[in-house]
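Q: Now for the letters of each chain:
Protein chains: 2
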Amino acid sequence: MIYEEKTMKSEKIYEGKILSVRIDTVELPDKKYSKREIVEHPGAVAIVPITDEKEIVLIKQFRKATEAVMFEIPAGKLEINEQPAECAIRELKEETGLDAKKMEHIIEYYSSPGFTNEKIHIFMATEVVIGEADPEEDEYIDTVKVNIDEALDMINNGIIKDGKTIIGIFMAYNRMKRSE
Amino acid sequence: MIYEEKTMKSEKIYEGKILSVRIDTVELPDKKYSKREIVEHPGAVAIVPITDEKEIVLIKQFRKATEAVMFEIPAGKLEINEQPAECAIRELKEETGLDAKKMEHIIEYYSSPGFTNEKIHIFMATEVVIGEADPEEDEYIDTVKVNIDEALDMINNGIIKDGKTIIGIFMAYNRMKRSE
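The listed protein sequences derive, respectively, from chains A and B.
So that you can map any letter, position 133 of the first sequence is 133 in my numbering, and since no number is skipped, the others follow by simple counting.
So that you can map any letter, position 98 of the second sequence is 98 in my numbering, and since no number is skipped, the others follow by simple counting.
Hints are computed from structural coordinates only; laboratory data are not their basis.
Note that the structure is predicted; figures quoted are calculated from it, not measured.
Mixed in with the good hints, there may be bad ones.
One copy or two, either will do: identical chains are not told apart, so a pair holds if it fits within one copy or between any two.
Stated by the list, open to error - Below are the DSSO-like pairs computed for lysine-lysine, each with C-alpha atoms no more than 30 Å apart in a straight line: (1) 17 to 77; (2) 6 to 64; (3) 35 to 93; (4) 17 to 64; (5) 60 to 77; (6) 17 to 101; (7) 32 to 17; (8) 64 to 12; (9) 119 to 77; (10) 177 to 101; (11) 64 to 9; (12) 119 to 145.
With the sequences and hints as input, model every part of the structure.
A: This is how it looks when you write it as structure tokens:
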């Protein structure tokens, strides 16, 4: 049985700088109504940068939402009308200083479809050249390099706790294995 | 350089049934202020149910946030004071009718730490017995069974687009390979 939830009413609750929140009143298959709280997000890209030495470049960054310093792959929000591949090149450069000659789209997915439309596009960057990083004004970022086995260990040990980073590492690992 | 963002002000914008939204004004290392929009979420569990035939039970469900029917592993939000393992047993039963004799915690991660504190605990359920499903009033769910290779194909083909499902399948795959 495939069905949709028809929107009977949609109420904008909050319109922020990045996020907005709305409550949709929907009609279910049995004609009853229910409410859905939805966070609208512009979407994001994340990049798995692989050096010629087959190391992954991770960033370390404090995240207010989780109150923790986290290991992540470089990432950023899509600007209005920005193509994901463009955004990937821009964010990689800003956050790590890396220029990538090769930028391949490896997956796109929804971070948490139960409450948000945030879609994350993940790219793999190879043939990278190190330049000058240029983070945004309110970003403070360190970078670390790990090999793919260390990265997998960091997932299994709970050191890497970020969804896009876990998915990006698994996808990159599968590609690297296939091309061996 | 490890630092934290000190909260100078915290403003509650919205307090919903499931989500709430706040804006924190934070102090950066250079003493400048910035704002963080944060969605507070109670956290969730997701379960990779593996049958004795080594098939994964997926659910198919319409998601209002993405306006699409999605393939996902069974999942649900944590109730107040509920332990993740309890919640996993409850949600698995409600959504699929399955009772699991074995429920192992395989990973926990943040779905999107740039804007939300949602933490997802993933379990692997084995030695499952089929009973009667009992979804919540506003949940309409179909189940499908796929073997692990089909599940990996569905990730690579973009048929599975849900973050927790991708992570759950990769983690379960690694465990299944190891125990072979």
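Q: Does each hint fit the structure? Answer for all of them.
A: Each hint tested on the structure:
no.	hint	in the structure
1	17 to 77	both (12 Å within a copy, 27 Å between copies)
2	6 to 64	between (35 Å within a copy, 9 Å between copies)
3	35 to 93	between (41 Å within a copy, 23 Å between copies)
4	17 to 64	both (16 Å within a copy, 23 Å between copies)
5	60 to 77	both (17 Å within a copy, 28 Å between copies)
6	17 to 101	neither (33 Å within a copy, 47 Å between copies)
7	32 to 17	between (34 Å within a copy, 18 Å between copies)
8	64 to 12	both (25 Å within a copy, 15 Å between copies)
9	119 to 77	both (10 Å within a copy, 20 Å between copies)
10	177 to 101	within (21 Å within a copy, 35 Å between copies)
11	64 to 9	between (33 Å within a copy, 13 Å between copies)
12	119 to 145	both (26 Å within a copy, 26 Å between copies)
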